[in-house]
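> Chains as they are written, first to last, in the numbering used here: chain A, 1 to 170; chain B, 1 to 259.
One should not assume that every hint holds.
Which bits of chain B does chain A cover? Going by a derived footprint, with three or more residues having C-beta under 8 Å, they are [stated by the list, open to error]: (1) 41-48; (2) 55-66; (3) 97-104; (4) 126-132; (5) 164-173.
Below, computed lysine-lysine pairings styled on DSS-like, alpha-carbon distance capped at 27 Å [stated by the list, open to error]: (6) Lys127(A) to Lys151(A); (7) Lys109(A) to Lys120(A); (8) Lys166(A) to Lys151(A); (9) Lys212(B) to Lys36(A); (10) Lys127(A) to Lys96(A); (11) Lys212(B) to Lys178(B); (12) Lys36(A) to Lys19(B); (13) Lys46(A) to Lys178(B); (14) Lys139(A) to Lys151(A); (15) Lys118(A) to Lys151(A); (16) Lys83(B) to Lys27(A); (17) Lys83(B) to Lys19(B); (18) Lys27(A) to Lys143(B); (19) Lys165(A) to Lys118(A); (20) Lys139(A) to Lys127(A).
None of these hints come from the bench; they were simulated from the model.
Values in this document were obtained by computation on a predicted structure and should not be read as measured data.
Beta carbons: idealized from backbone N, C-alpha and C, even for Gly.
Here's the letter readout for the chains.
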Amino acid sequence: MGDLLAPDIGLTVWTIVTFLCLVGILKAFAWGPLLKSVEAREARLKADREGAEKARAEAERIQKELEAQMAGVQAKSKELLAAAMRDGEALRARLKAEAEADAAAIKAKTTHELAAEKDKLVGDLRKEVASLSVIAAEKLLRKSVDAGVQKSVLDGFFRDLDSTKKAGSN
Amino acid sequence: MNFEHILAHHLVDHKTSHKIVATLGPLGSVDMGLSPLLRTMWIACVLAIVALTFAARSESSLARVMRSMFEPLALFVRDDILKPIFGHHAGFYLPYFLTLFFFLLTCNLLGLVPHMSGVTANPWVTAGMAICTFGLIQFAGVKEQGLVSYVVHIVPGGVPLILWPLLFVIEVFGMFAKCISLCIRLFANMLAGHVVSLAFLCMIFIFAEMSKAFGTTMIIPSVGLALFIYTMDVLVSFLQAYIFTFLTALFVGGAVHPH
């Protein structure tokens, strides 16, 4: 076994030369491209991760914005609904009041027309009754009365009738 | 042939040629002869270059599968070893440490293949790796701190001035000790697996010398135990590559960030 430990400087020198040459060769041919591809992949992964984080932050921001907008829209729609209900209520009340006023006006007008019609009818009836009464009186008295006498008799009759009516109503 | 001869045959590197001789300054003439161990080391290098380059550059489905195997290991070295120690300096040292990890892993695993030599089970190979680590510690220290600051910060701050020279010597020895421990740890761990596997297999022949029936009976338990150790060696290969890389990063990190 002594041979194993016998100095072999030549082998040591060969080892150093071989190893240093190998460092140079591998650095030129293998490590450069290998490390470059590894670094490129790492850079790509880093960029992807950063992109994903950025996109997530953007999505969160948009979501918050949308939520805020949604809340605004809800508040506004509530407000609009309340305003619409208020307006509706006011319109209903106004229409009701107008309708009531119209109805009252129509009622008053109708009452007035009815009263006028009644008065007219009463007047006509009086004239008819008077005429019939005169005819009846003529027939009764068997004598003809001229128009002047007829009018004075009728006027006297109506006065008596009105006074009788007033006395009756009192 | 005794057990020691068997171990020497399998584990000692035998040079196949002595024709290449280099003169390296104070070391004088150094035999740079080729050997099976060097052949295995270079096969490991070629395998690492081909597999990693193919995985990194090709767009075929096989390359994608290989890339999905290598990338987690590379990311482990980067994120779990280098980044906690070096921080933003990690990128500069990453190719060195990735190569270190994959070189040691390939050599460790190739040492388990028949007809290949246990490259990292040789102390002179691991010594070479430890020298590289030592060199990197000095380089990183001087590069990041500047020469004067690096030398001053070899000794921890707050030490009384009178103790400074003593601690400087201790720290410098400590620096060497760290690298020597790296060398011995890797070599001993990888060697141990081979020694134990061979020991279990040799038990067959030791018992067979007593009685042939004994030897035959020992075949199944010996091979079973050797296979178990072999499986453990696969785990140890990953573990030792990680430990060597991690400790190197720790030592270099200590020089880069002295506080």
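> When the hints from earlier in the document are held up against this structure, which numbers fail?
Those not satisfied are hints 5, 9, 10, 11, 12, 13 and 17.
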